[in-house]
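Visitor: Fit chain L to the known structure of chain C by using the hints.
Which chain is which? The protein sequence lines are C and L, in order.
Residue numbers 1 to 442, in our numbering, belong to the letters of the first sequence in order.
Residue numbers 1 to 442, in our numbering, belong to the letters of the second sequence in order.
A few of these clues could be false.
Treat identical chains as interchangeable: a pair holds within one or across any two.
To be verified - The list that follows gives simulated cross-link-like pairs (lysine-lysine, DSSO-like), each with its CA atoms no further than 30 angstroms apart:
id, residue 1, residue 2
1, Lys312, Lys388
2, Lys109, Lys97
3, Lys97, Lys382
4, Lys410, Lys438
5, Lys97, Lys438
6, Lys97, Lys410
7, Lys388, Lys97
8, Lys6, Lys97
9, Lys6, Lys109
10, Lys312, Lys382
11, Lys312, Lys6
12, Lys438, Lys388
13, Lys388, Lys195
14, Lys109, Lys195
15, Lys438, Lys382
16, Lys410, Lys388
17, Lys388, Lys109
Calculated directly from the structure, the hints in this document are not laboratory data.
Being a predicted model, the structure only gives us computed values, none of them experimental.
There are 2 protein chains.
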Amino acid sequence: MASITKLTGFPEWLPAERIVEQYLLDTLRRVFELHGFCSIETRSVEPVDFLLRKGEIDKEVYGVRRLQGGESDKDALALHFDLTVPFARYVLQNAGKLDFPFRRYQIQKSWRGERPQQGRYREFVQADIDIIDRAELAPHFESELVLVIADVFAALDIGVAQMHINNRKLCEGFYRGIGIEHCAPVFGAIDKLDKIGGTKVHEILRTAGLSQQQADQCLALASICTPDDSFAEQVRALGVTHPLLEEGLAQLLAVIRAAHAAAPGFAVADLKIARGLDYYTGTVYETTLVGHEELGSVCSGGRYDELAADGKVSYPGVGLSIGVSRLLSRLLAQGIVRASRSVPTAVLVAVLNEQHREASNAAARLLRGRQIATEVSPNAAKFGNQIKYADRRGIPYVWFVGDDGQHEVKDIRSGEQLAVDVQTWQPPTRDQYPQIVKEETP
Amino acid sequence: MASITKLTGFPEWLPAERIVEQYLLDTLRRVFELHGFCSIETRSVEPVDFLLRKGEIDKEVYGVRRLQGGESDKDALALHFDLTVPFARYVLQNAGKLDFPFRRYQIQKSWRGERPQQGRYREFVQADIDIIDRAELAPHFESELVLVIADVFAALDIGVAQMHINNRKLCEGFYRGIGIEHCAPVFGAIDKLDKIGGTKVHEILRTAGLSQQQADQCLALASICTPDDSFAEQVRALGVTHPLLEEGLAQLLAVIRAAHAAAPGFAVADLKIARGLDYYTGTVYETTLVGHEELGSVCSGGRYDELAADGKVSYPGVGLSIGVSRLLSRLLAQGIVRASRSVPTAVLVAVLNEQHREASNAAARLLRGRQIATEVSPNAAKFGNQIKYADRRGIPYVWFVGDDGQHEVKDIRSGEQLAVDVQTWQPPTRDQYPQIVKEETP
Numbered sequence: 001m002a003s004i005t006k007l008t009g010f011p012e013w014l015p016a017e018r019i020v021e022q023y024l025l026d027t028l029r030r031v032f033e034l035h036g037f038c039s040i041e042t043r044s045v046e047p048v049d050f051l052l053r054k055g056e057i058d059k060e061v062y063g064v065r066r067l068q069g070g071e072s073d074k075d076a077l078a079l080h081f082d083l084t085v086p087f088a089r090y091v092l093q094n095a096g097k098l099d100f101p102f103r104r105y106q107i108q109k110s111w112r113g114e115r116p117q118q119g120r121y122r123e124f125v126q127a128d129i130d131i132i133d134r135a136e137l138a139p140h141f142e143s144e145l146v147l148v149i150a151d152v153f154a155a156l157d158i159g160v161a162q163m164h165i166n167n168r169k170l171c172e173g174f175y176r177g178i179g180i181e182h183c184a185p186v187f188g189a190i191d192k193l194d195k196i197g198g199t200k201v202h203e204i205l206r207t208a209g210l211s212q213q214q215a216d217q218c219l220a221l222a223s224i225c226t227p228d229d230s231f232a233e234q235v236r237a238l239g240v241t242h243p244l245l246e247e248g249l250a251q252l253l254a255v256i257r258a259a260h261a262a263a264p265g266f267a268v269a270d271l272k273i274a275r276g277l278d279y280y281t282g283t284v285y286e287t288t289l290v291g292h293e294e295l296g297s298v299c300s301g302g303r304y305d306e307l308a309a310d311g312k313v314s315y316p317g318v319g320l321s322i323g324v325s326r327l328l329s330r331l332l333a334q335g336i337v338r339a340s341r342s343v344p345t346a347v348l349v350a351v352l353n354e355q356h357r358e359a360s361n362a363a364a365r366l367l368r369g370r371q372i373a374t375e376v377s378p379n380a381a382k383f384g385n386q387i388k389y390a391d392r393r394g395i396p397y398v399w400f401v402g403d404d405g406q407h408e409v410k411d412i413r414s415g416e417q418l419a420v421d422v423q424t425w426q427p428p429t430r431d432q433y434p435q436i437v438k439e440e441t442p
Numbered sequence: 001m002a003s004i005t006k007l008t009g010f011p012e013w014l015p016a017e018r019i020v021e022q023y024l025l026d027t028l029r030r031v032f033e034l035h036g037f038c039s040i041e042t043r044s045v046e047p048v049d050f051l052l053r054k055g056e057i058d059k060e061v062y063g064v065r066r067l068q069g070g071e072s073d074k075d076a077l078a079l080h081f082d083l084t085v086p087f088a089r090y091v092l093q094n095a096g097k098l099d100f101p102f103r104r105y106q107i108q109k110s111w112r113g114e115r116p117q118q119g120r121y122r123e124f125v126q127a128d129i130d131i132i133d134r135a136e137l138a139p140h141f142e143s144e145l146v147l148v149i150a151d152v153f154a155a156l157d158i159g160v161a162q163m164h165i166n167n168r169k170l171c172e173g174f175y176r177g178i179g180i181e182h183c184a185p186v187f188g189a190i191d192k193l194d195k196i197g198g199t200k201v202h203e204i205l206r207t208a209g210l211s212q213q214q215a216d217q218c219l220a221l222a223s224i225c226t227p228d229d230s231f232a233e234q235v236r237a238l239g240v241t242h243p244l245l246e247e248g249l250a251q252l253l254a255v256i257r258a259a260h261a262a263a264p265g266f267a268v269a270d271l272k273i274a275r276g277l278d279y280y281t282g283t284v285y286e287t288t289l290v291g292h293e294e295l296g297s298v299c300s301g302g303r304y305d306e307l308a309a310d311g312k313v314s315y316p317g318v319g320l321s322i323g324v325s326r327l328l329s330r331l332l333a334q335g336i337v338r339a340s341r342s343v344p345t346a347v348l349v350a351v352l353n354e355q356h357r358e359a360s361n362a363a364a365r366l367l368r369g370r371q372i373a374t375e376v377s378p379n380a381a382k383f384g385n386q387i388k389y390a391d392r393r394g395i396p397y398v399w400f401v402g403d404d405g406q407h408e409v410k411d412i413r414s415g416e417q418l419a420v421d422v423q424t425w426q427p428p429t430r431d432q433y434p435q436i437v438k439e440e441t442p
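The shape of chain C in the complex, shown without the other chains:
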């Protein structure tokens, strides 16, 4: 039946995979909330003209229309392609009801009609954090977000992550210092460095009108990458001066030093990080999983000044977005993590015969009352078959309510079966909830 074929780019997970996704989402939420971020969600749709006003037409937006509708074009809606633009709108709309600086996290799906590729989806979950203030945003927030993300990856415990940080003012000041007037094409070219290499980028810069020496200098700047504050000396050694360069240097130094103090080894100053998006005006971030660099950045963002502005007041902010679906698909595809079982259930209560089902139900109620996820066997088949039902799903315990009202529980992994008290028995925590099993890295 054609109508039930998979849709490329719209991932769906099996129950055991979904447990891994829930682990990611729960961990993100927990760390974000520990850092005082509020949860919000925005509606899935925005007016088309609002989504496209930033010239983001390359994002391949999905339009939305009532099939029976007679809306005019000005009412046309589209699915959001990220969580930043809707967040900016939410802030403007609710400015009078929010307390600033406003810290929010937002974990939702977004949609892009791009050609699906490995790790790129048309429907995907993102987890964003932003801190936004009215009129001015204190610079220490640009350091703070690095530490939140360091905590996120420490809590996820899925491998070593490294955040690559740059500052657009530093680069723009540098470019201006060597006489470049139009910086956007240079950012665009440098952004491609990892993909196409220095020779090709040099050609693009020359085509864009840069002199041989200017192009050399841009590439020299982009090659600087240090795990500490020594990048500043290397930049100064290039002999360029400009007030904006100094401002950017000072900001990047502050961010790198704060990161170095609180989460040593997590952040590097990497002066080739450009971020394609126009709206970033200061610190920019990209994050790679060490050993999975070809996956690209799993957590990116930056500082912006003008994203939310209502004519009278502007709301500068800084934010980062974690590509949850991209991360999850990699973790699953490479078997880096898996769930210890496919169901939440810790205990299956066997059913002696259908007349005894209520006795099994009563035992299950007592266990659930102590937060032990419990199912009652769907049938009163031979106990061997009821045990198989548990085994297929990875349910660790099968519970028996005897004809005489005696309770026994069998650990079906060891085969051990013990008489127990239904009022007090408790499984170990590692059995109570599905566990996330990490494969040992060789």
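Guide: What follows is chain L alone, placed relative to chain C:
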């Protein structure tokens, strides 16, 4: 600016309201998992022809198209209007990888282009549970779901809920027993009983070709509503016999008796419950909040036999859907519940001056390490202003790191300030997380 106006029917919540929504969702998830239901999510879109094949065009489906796309009509997509139809598709698609009977819960948004009204949205969150099996579904699952929902409302603790249960076989058997051949129009008319009253329904039934006596009998059946199994006598007193009626009576008796035993007072047999949807074939459920009956059903569903079938195998199931957005909007609008604060933060660490920010950060890290949500003050303003920052958000504690490394914590509600050990201090649980405050019912 027109583009940032609210879109009617697409609700968005403020942070404190979102905390209430998270409480609802977390509670639903916890109870569903305690009963052994797996979480799944399905993609937001389905092929248009798949969504409309059940003749659900009255659902006002939203079509989805790449604005830059050149798709042909056969590739057209639409947003799902419920979670049942996508779930049926998911089961067919993954049948080989799922274990049956398959118990799943699914908490996601759905979209309908209907005219928005009080409590009816165009984008809304639903929480569904279903148990689906291959070829045959044991009847005890129809009782089991009632007990899951009883546990849900007990755990939510937002007022008294009552589930109204009927059985379509019982009604259909009764209708056939009095000589009615086409039952669908009768179900449709009875479904309107609460809205338009018995006189109007009687007229509709007469117009549909029923005799005076047949219409009387249908209304007599629909008027039966008992909190126990006495409905069966009242049905039999109407003097109609039919094998299907007997089958339905036996099923409804089993469900009501099981509910009565495990959750007394929660379920009533209510023989006017019809459910408009064609696909229900046995037990049907509706749930009202006592005192909020005009809100309509907040949790509905039923037993279905043919929703998922791939030509060779059918997958009968039983499911219920909770209208989370409808419930939430009522709870918020009537002030029935609210969050104790608007942020997750339990502690604000004050900043003596910007040179001491790292000392405040270090204290915050230690607190977060013990799962205490902590923010550091955004500025080094006068302590009075930093306390105001906490007060505005409902953050209960402000933490001070002295110049001498001494730590003190102030409960800003009582004003009490104590010297404490940053390595061991712990707030009471009721302060550690935002609490859901229930208004006393007068």
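Visitor: Now tell me if each hint is right for this structure.
Guide: Quick rundown of the hints versus the structure:
1. Lys312 x Lys388: between (67 angstroms within a copy, 26 angstroms between copies)
2. Lys109 x Lys97: both (25 angstroms within a copy, 25 angstroms between copies)
3. Lys97 x Lys382: between (61 angstroms within a copy, 24 angstroms between copies)
4. Lys410 x Lys438: Cα proximity of Lys410 and Lys438: one copy only (27 angstroms, versus 42 angstroms across).
5. Lys97 x Lys438: Answer is between: at 22 angstroms across copies they meet the 30 angstroms cutoff, but 43 angstroms inside does not.
6. Lys97 x Lys410: Between copies, since 27 angstroms is at most 30 angstroms while 55 angstroms is not.
7. Lys388 x Lys97: between (56 angstroms within a copy, 16 angstroms between copies)
8. Lys6 x Lys97: between (43 angstroms within a copy, 15 angstroms between copies)
9. Lys6 x Lys109: Answer is both; intra-copy 18 angstroms and inter-copy 20 angstroms each pass.
10. Lys312 x Lys382: For Lys312 and Lys382, only the inter-copy Cα distance (28 angstroms) is at most 30 angstroms; the intra-copy one is 74 angstroms.
11. Lys312 x Lys6: Result: close only across copies, 20 angstroms inter versus 48 angstroms intra.
12. Lys438 x Lys388: within (26 angstroms within a copy, 45 angstroms between copies)
13. Lys388 x Lys195: neither (51 angstroms within a copy, 50 angstroms between copies)
14. Lys109 x Lys195: For Lys109 and Lys195, only the intra-copy Cα distance (27 angstroms) is at most 30 angstroms; the inter-copy one is 38 angstroms.
15. Lys438 x Lys382: neither (35 angstroms within a copy, 48 angstroms between copies)
16. Lys410 x Lys388: The answer is within: 13 angstroms in one copy meets 30 angstroms, while 57 angstroms across copies does not.
17. Lys388 x Lys109: neither (37 angstroms within a copy, 35 angstroms between copies)
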